[in-house]
Amino acid sequence: MGEGFELVCEVEPPTRPDLKKVRHQIGVLSPIADAFLIPDNHIGRATVSSVAVANEVQAMGARGIACLNSRDRNLLGFRRDLLTAAAYGVEQFLFVRGDEPTAGGRTSELTVRTMIEQARATTFPGINPFQVGAATGLRAVPGWKAEADFLYVQVSYSLENLLRWRESVELDIPVYAGVMVLASAKMAQNLTAALPQIAIPDDLVAAVEADRDAGVDAACEQILSIRDSGAFDGVHLVPVSRYRQVAARLERDL
Numbered sequence: 004m005g006e007g008f009e010l011v012c013e014v015e016p017p018t019r020p021d022l023k024k025v026r027h028q029i030g031v032l033s034p035i036a037d038a039f040l041i042p043d044n045h046i047g048r049a050t051v052s053s054v055a056v057a058n059e060v061q062a063m064g065a066r067g068i069a070c071l072n073s074r075d076r077n078l079l080g081f082r083r084d085l086l087t088a089a090a091y092g093v094e095q096f097l098f099v100r101g102d103e104p105t106a107g108g109r110t111s112e113l114t115v116r117t118m119i120e121q122a123r124a125t126t127f128p129g130i131n132p133f134q135v136g137a138a139t140g141l142r143a144v145p146g147w148k149a150e151a152d153f154l155y156v157q158v159s160y161s162l163e164n165l166l167r168w169r170e171s172v173e174l175d176i177p178v179y180a181g182v183m184v185l186a187s188a189k190m191a192q193n194l195t196a197a198l199p200q201i202a203i204p205d206d207l208v209a210a211v212e213a214d215r216d217a218g219v220d221a222a223c224e225q226i227l228s229i230r231d232s233g234a235f236d237g238v239h240l241v242p243v244s245r246y247r248q249v250a251a252r253l254e255r256d257l
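Mapped onto the working numbering, the consecutive letters of the sequence shown carry residue numbers 4 to 257.
Take the hints with a grain of salt, since some may be wrong.
Said to hold, decoys possible - Pair by pair, the computed Cβ-Cβ distance ranges are:
| id | residue 1 | residue 2 | range |
| --- | --- | --- | --- |
| 1 | L198 | T18 | 37 to 43 Å |
| 2 | L198 | E163 | 14 to 20 Å |
| 3 | D236 | Q61 | 18 to 24 Å |
| 4 | L162 | E254 | 18 to 24 Å |
| 5 | W147 | A234 | 36 to 42 Å |
| 6 | D236 | L79 | 32 to 38 Å |
Just so you know, these hints were derived from the structure itself, not from any lab.
Where is the CB? At the ideal position from N, CA and C, for every residue including glycine.
Please model the complete structure; the sequences and the hints are all you need to start from.
Put into structure tokens, the structure is as follows:
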């Protein structure tokens with residue numbers, strides 16, 4: 004987006020051995036995106052490796068950020084991921100705990116904190132050090148997260164809450180506000196059930212029920228307001244299924 008404000012677009016990784024759809028997302032969003040974030044087995048379902056998709060992003064001329072969760076891997080598996088990333092030239096990671104799995108159990112060997120420590124300690128000759136980020140809710144940020152290379156803030160539908168939180172914390176690293184397109188009233192119900200603190204405004208839910216594009220309009224307006232506030236270094240955008248509409252709207256308005 005220029006002027007030091009970055010738009011990081013999240014793409015939907017494939018659940019089948021076919022990269023056509025993710026390539027299409029990258030192509031559509033490339034005119035507005037400064038980088039792409041690839042989730043890791045998000046919402047507890049198996050997807051193509053985020054490191055592999057980040058490599059695909061970079062092959063298309065964009066910057067890929069691979070999300071890795073602590074839920075699905077032990078130390079050896081994590082070291083494999085770092086080695087694979089180094090071989091592909093993927094340098095940026097977002098480390099998260101991960102949602103509850105839909106199949107199997109959660110491993111407890113790694114935490115986000117130990118993943119950051121391991122990534123920082125892992126170097127390869129002739130290859131740039133990894134850049135690692137963490138995620139936070141609208142709460143106090145522990146010191147070890149504040150020492151990451153960047154921080155992603157949980158999705159919020161309230162600019163006021165985002166700005167109030169940003170004023171309450173002192174951080175010397177880039178901070179990205181989370182924005183998610185609300186695609187339907189059903190999505191609002193599911194989000195509220197999973198994350199009661201997310202506080203989706205009733206008037207937004209009603210607007211989306213009346214007009215599916217209302218969620219796109221609200222997200223794009225929120226992005227522009229966050230940019231204009233100067234409080235954040237960028238936005239982590241989750242466009243869900245509406246990435247075509249988001250791209251068209253932001254190409255027009257930016």
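Status of each hint after checking the structure:
1. L198 x T18: 37 to 43 Å: 22 Å, violated
2. L198 x E163: 14 to 20 Å: Holds - the Cβ-Cβ distance for L198 and E163, about 18 Å, lies within 14 to 20 Å.
3. D236 x Q61: 18 to 24 Å: Check passed, 21 Å falls within 18 to 24 Å.
4. L162 x E254: 18 to 24 Å: Once the Cβ atoms are compared, 22 Å apart, the range 18 to 24 Å for E254 and L162 holds.
5. W147 x A234: 36 to 42 Å: 23 Å, violated
6. D236 x L79: 32 to 38 Å: With Cβ atoms ~34 Å apart, the hint holds.
Hints 1 and 5 from the list above are not met by this structure, while the remaining hints are.
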